[in-house]
Amino acid sequence: MSDEIRRLSEELAREPSSLVFVQLGEALRRGRQPDLALQVARRGLERHPHHPAAHDLLARVHVDRGELQDALDEWSVVLAVAPEHAGAHRGMGYVLFKQGRLEEAEQQLAAAARADGTDAGAGTALRMVRRMLRYTSSAPVQAAPAGERMADAQQRVQEEARCLFAEALGDADQTALLLDGHGLVLAGAYVTSDGAEVAQEIGAALAGAREEITRVTQHLHLGAWTTLVAETSVATIAMAPVMTDSLVLAAAARSVPLGLVRRLLDRCARRATAWLTEDP
Amino acid sequence: MSAAFGAPLAAVVRLRGVLACMVVDEADGIVVASELHVGIDADVLAAVSAALFRGLRRSAEAAALSSVTYLQLEAERGFLCAAGHDGLVLVALAEPRAQMGLVRAAMMGAAEQLA
Numbered sequence: 022m023s024d025e026i027r028r029l030s031e032e033l034a035r036e037p038s039s040l041v042f043v044q045l046g047e048a049l050r051r052g053r054q055p056d057l058a059l060q061v062a063r064r065g066l067e068r069h070p071h072h073p074a075a076h077d078l079l080a081r082v083h084v085d086r087g088e089l090q091d092a093l094d095e096w097s098v099v100l101a102v103a104p105e106h107a108g109a110h111r112g113m114g115y116v117l118f119k120q121g122r123l124e125e126a127e128q129q130l131a132a133a134a135r136a137d138g139t140d141a142g143a144g145t146a147l148r149m150v151r152r153m154l155r156y157t158s159s160a161p162v163q164a165a166p167a168g169e170r171m172a173d174a175q176q177r178v179q180e181e182a183r184c185l186f187a188e189a190l191g192d193a194d195q196t197a198l199l200l201d202g203h204g205l206v207l208a209g210a211y212v213t214s215d216g217a218e219v220a221q222e223i224g225a226a227l228a229g230a231r232e233e234i235t236r237v238t239q240h241l242h243l244g245a246w247t248t249l250v251a252e253t254s255v256a257t258i259a260m261a262p263v264m265t266d267s268l269v270l271a272a273a274a275r276s277v278p279l280g281l282v283r284r285l286l287d288r289c290a291r292r293a294t295a296w297l298t299e300d301p
Numbered sequence: 185m186s187a188a189f190g191a192p193l194a195a196v197v198r199l200r201g202v203l204a205c206m207v208v209d210e211a212d213g214i215v216v217a218s219e220l221h222v223g224i225d226a227d228v229l230a231a232v233s234a235a236l237f238r239g240l241r242r243s244a245e246a247a248a249l250s251s252v253t254y255l256q257l258e259a260e261r262g263f264l265c266a267a268g269h270d271g272l273v274l275v276a277l278a279e280p281r282a283q284m285g286l287v288r289a290a291m292m293g294a295a296e297q298l299a
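As they're listed, the protein sequences go chains H and V. All residue numbers for the first sequence refer to my numbering, where the first residue is 22 and numbers rise by one. All residue numbers for the second sequence refer to my numbering, where the first residue is 185 and numbers rise by one.
The hints are simulated quantities; they were obtained by calculation from the structure and are not laboratory data. None of the values given here were measured: they were computed from a predicted structure. Using N, Cα and C, we set each Cβ at its ideal position, and we do this for glycine too. Among the hints, a few may not be true.
Stated by the list, open to error - A few chain H residues that don't get close to chain V, going by computed Cβ distances all over 12 angstroms:
id: 1; residue: 53
id: 2; residue: 59
id: 3; residue: 105
What the hints assert, rightly or not - Quick look at which bits of chain H chain V covers, simulated, 3 or more residues with Cβ under 8 angstroms:
id: 4; region: 116-128
id: 5; region: 174-181
id: 6; region: 217-224
id: 7; region: 244-251
Required output: the full structure, derived from the provided sequences and hints.
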């Protein structure tokens with residue numbers, strides 16, 4: 022049992038009517054103990070049957086357990102009590118997306134983005150769903166079953182994202198990636214000279230880099246950072262912040278002049294911003 | 185300032201717009217030698233620069249991009265540069281008016297002398 026779970030359990034035992042069960046349930050979810058999290062959420066709901074956070078917790082536990090319809094039901098309860106609950110809209114959006122119900126997912130994610138304008142994840146998911154809707158709606162209904170149309174749309178959106186920087190990159194030995202705040206690849210590709218696709222590895226290695234660089238500039242009173250260029254013996258890597266939590270990265274062989282790499286980064290940052298903000 | 189590092193530091197800090205230049209232990213962010221203008225907090229500069237350099241070096245290595253030899257961070261109110269060599273990091277803080285091409289060249293040359 023982790024220290025956090027032990028502490029929260031003790032706190033809940035001292036004050037059984039407190040809302041600390043929500044934190045405890047979350048900690049259990051993070052600790053991959055969904056059955057215990059379910060028990061905690063249900064007991065909490067017995068004392069707080071109308072509290073949105075309690076139903077929200079239970080919904081997320083249901084998602085962990087693969088009980089998607091139950092999760093949707095719980096989030097519906099949340100929205101009945103708190104219609105602007107961003108977490109419930111976002112959660113429903115993700116579940117509906119997973120179920121292939123794109124129009125409904127789009128409505129929920131749009132509501133999540135309206136309810137919490139700082140939720141970059143919901144905004145990104147919303148744009149992804151809208152792109153998929155564009156592709157599914159352009160396909161003839163009788164052409165293929167819904168599942169296949171969805172899979173085809175997903176593939177086309179992934180391809181669109183993968184080729185986002187193709188025009189800026191040209192045929193030269195250079196590459197570019199767009200990463201979200203967690204280091205997940207949103208767009209672009211990173212192929213090594215021997216043909217291996219390592220975009221995910223690069224993203225994982227740079228997870229949290231944007232925040233780290235921001236902390237440095239805050240400590241040194243340098244203001245907002247605009248560019249970071251790192252040179253290694255084999256490559257030049259340039260990165261820049263995009264939107265509220267994303268990072269664009271351009272890399273080129275060491276033989277490419279630094280100035281060209283910076284110009285490439287500028288072009289990719291503009292392209293990424295346009296792509297993230299455009300309304301598909 | 186340590187005599188051993190006097191020449192490399194002087195080569196950088198004399199450039200227009202450079203506010204500070206120092207040699208820092210990459211592992212713990214402790215100042216080894218420094219040349220600073222008034223008002224620069226050497227300990228903070230050393231600690232955050234070493235942490236940034238260390239983090240990016242590890243990220244680059246994890247991504248099989250080899251080790252970072254030089255980095256330049258550009259922000260609204262200036263630049264932070266760092267060049268690594270043998271567990272030491274040469275760090276420079278510069279104003280926006282600095283000519284960063286010259287600073288980079290001086291940093292690369294000075295870093296070679298750290299060994």
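Comparing the hints with the structure gives:
1. Against chain V, the non-interface label of residue 53(H) holds: every CB pair exceeds 12 angstroms, the least being about 25 angstroms.
2. With a closest Cβ-Cβ approach of about 37 angstroms to chain V, residue 59(H) is found to remain outside the 12 angstroms limit, as its non-interface label requires.
3. With a cut of 12 angstroms on Cβ distances, residue 105(H) stays outside the contact zone with chain V, its closest approach being about 35 angstroms.
4. Proximity of the region 116-128 of chain H to chain V, defined as three or more residues with a beta carbon under 8 angstroms from a beta carbon of that chain, is not established by the 0 residues found.
5. Note: the region 174-181 of chain H has 0 residues with beta-carbon separation from chain V under 8 angstroms; the three-residue rule is not met and the coverage is violated.
6. Here's how the region 217-224 of chain H fares: 3 of its residues keep a CB closer than 8 angstroms to some CB of chain V, so the rule of at least three is met and the hint holds.
7. Requiring three or more residues with a Cβ within less than 8 angstroms of a Cβ of chain V, the coverage given for the region 244-251 of chain H holds, as 8 such residues are present.
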